[in-house]
Amino acid sequence: MPERRRHARRNGPEREPPPQSPAKSEARARGLWTGTIGFGLVSIPVELFPANRPRRLSLRMLGDDGTPLGRRYYDPESGKNLGKDDLVRGFEVSKDEFVVVKDEELESLAPEKSRDIELSRFVDVRRIDPLYFERAYFLLPWGTSDKAYRLLVATMERTKRAGIATFVMREKQYRIAVLAEHGILRAETLRYADELRTPEQIGLPARREPASRDVQHMEAVIERHGRAGVDARELRDEQAERLLALARHKAERGQDVVRAEEPGARDEDNVIDLMSVLKRSLESRQAEPGNAERTPTRRAGESKHRSTRGPSTRKAGRRPPARGRKHAHARSG
Amino acid sequence: MWKGVVKADGVEVPVKLFSAVEDRTVHFRLLSKQHHVPIKQRMVEPASGEEVPREHLHKGVELERGLFVKLEPAELESVQPKESRDIEVLHFLPRGALGLQWFDRPYYLGPDGADTRYFALAEALRRKGRIGLVRWVMRNTDYVGALSEHQGYLVLITLHHADEVIAAASLTAPSGKPLDARELTMAEQLVGALAAEPELEAEHDEYRERVRALVEAKAHGRKVKVVSPRKKPEQPSIAKALEASLAHLKKAANA
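First to last, the protein sequences are chains A and B.
Going by numbering that gives the first Met the number 0, the first residue of the first sequence is number 0, and it counts up by one from there.
Going by numbering that gives the first Met the number 0, the first residue of the second sequence is number 0, and it counts up by one from there.
Bear in mind the hints are in silico, worked out from the structure with no lab data behind them.
Don't take each hint at face value.
Heads up, simulated PhoX-like pairs for lysine-lysine below, C-alpha to C-alpha not over 20 angstroms straight-line [claimed, not checked]:
id, chain 1, residue 1, chain 2, residue 2
1, B, K58, A, K171
2, A, K112, B, K224
3, A, K94, B, K32
4, A, K249, B, K58
5, B, K32, A, K83
6, B, K239, B, K224
7, B, K217, A, K101
8, A, K79, B, K32
For the chain A half of the interface with chain B, some residues (derived, Cβ under 10 angstroms), not all of them [claimed, not checked]:
id, residue
9, P53
10, R206
11, R207
12, A239
Cβ coordinates follow ideal geometry from the N, Cα and C atoms, glycine included.
Chain A with its partners taken away, still in its complex shape (with noise of 0.2 angstroms):
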């Protein structure tokens, strides 16, 4: 998601840490967050992924020649490079006044249970207003055992239920529905009821009953065009196919092209491939000795959340997709 930086305020991309050294951006890529579900006095050590990956369409800088370009950040006041221990959060008090804002202090406003996905309650998912769904996770095994995970996976299934729980990752409180899905869980986020609007506060005139005789028309036009299921091609994304052959025929006439294998000057997002993360992250697994009779204890060192600064934040997992860019332009004013 190169464009984040630009676009995605909700994300607060300002709070992204600047890239890494080269050597950093090889390092083995890893969850956005590894910690534990909370199923009763169960413990299920798990690590979260994004279930979605940005959208295709993915401009990158390029330099005259056609150089991949770095991004470095700086202080413009000196107008020296900063590195991620030159960087502090400030919280803008009025224009331009901010206070400084300690990653310890925020920490600290997270009690401990709320590190963990601790399962309140287990509901209906089709009983969940579609307005509140956000975003997809994929929840992963993590630790030693698959055990209890497979557990919860086969018990999800078969109540047909989700389990409601709230944690806190990066400095923010995300309440999950966790569902299990073809053996694995998966968690949407939720929004909260004050993220949402009503027609109310929007202004919406107030509603109106309908004249039978318009309601049945209109519904002998859904019937008309009726479907059981949604087709995959009916959701391409035809912009970034249009985008991608254009480049093609520019590359296949050599017009235009560069090779380059700088990786300091990549984005991460291009490195590795979220699908073949997963997949290496699952298969992994299929290696160690797993089922082992006691479960993975709970350790606090376990299920600390990763801080923005550590590198291995910043690979396959990162912040969910590419939201930021669609929603700068889908933002209606």
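Go by the hints and put chain B onto chain A.
Chain B in isolation, oriented as in the chain A frame:
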């Protein structure tokens, strides 16, 4: 405000689009530690670290790893979709035909004249239990969305494109020895004991409220206490943990 027309089989419903989402996040800025000023960013030549001025910046795509193609502004413009006000309904699907993973961002549609048709469409969607799969172009971008009824009004939720969604079915789920039947039974009992209605309106983002309070305290120059997390106790076997959970719930119910 964006205005469009929902079109289905010759029926036209003019609408206005409103975001259904309100941003409540407490936003922070990254500041330089030294001067406490918001940082800026610049594009640099990776080899030299030399800044590249604006007029020498170009857009492009990485076709495959390490292969970059530069695209001129006119070329980028040529792939943009044709401008249009149409929200075209492709067809009507049963509610639930789309997995939750597809949903992106919700908007309310308000009537833009022709109120009768607007409320008739909303009501018809409700009665039929269907959603419309729609396409439209807004601010030079293609969108696919789900058109549905919500409290008597029309709601449009943008959908992710096909290549953005990773299906769980395409991954290999963890497998191993068959699960213990007794543990499965206990786990189901535990889910049953914790079964509830969603009741999502009642919950607040307490952490956000604490962050808000923290920045306000600091803005007024008050000191803030920092606490570090405690360690957690060790855990027994799955079966024991399940038994203890059920016993605990039973006790709570009797109390």
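For each hint, the structure was consulted:
no. : hint            : in the structure
1   : B/K58 / A/K171  : violated, 33 angstroms
2   : A/K112 / B/K224 : holds, 19 angstroms
3   : A/K94 / B/K32   : holds, 19 angstroms
4   : A/K249 / B/K58  : holds, 14 angstroms
5   : B/K32 / A/K83   : holds, 10 angstroms
6   : B/K239 / B/K224 : violated, 38 angstroms
7   : B/K217 / A/K101 : holds, 11 angstroms
8   : A/K79 / B/K32   : holds, 12 angstroms
9   : P53             : holds, 7 angstroms
10  : R206            : holds, 4 angstroms
11  : R207            : holds, 5 angstroms
12  : A239            : holds, 7 angstroms
Consistency note: the structure conflicts with the earlier hints numbered 1 and 6.
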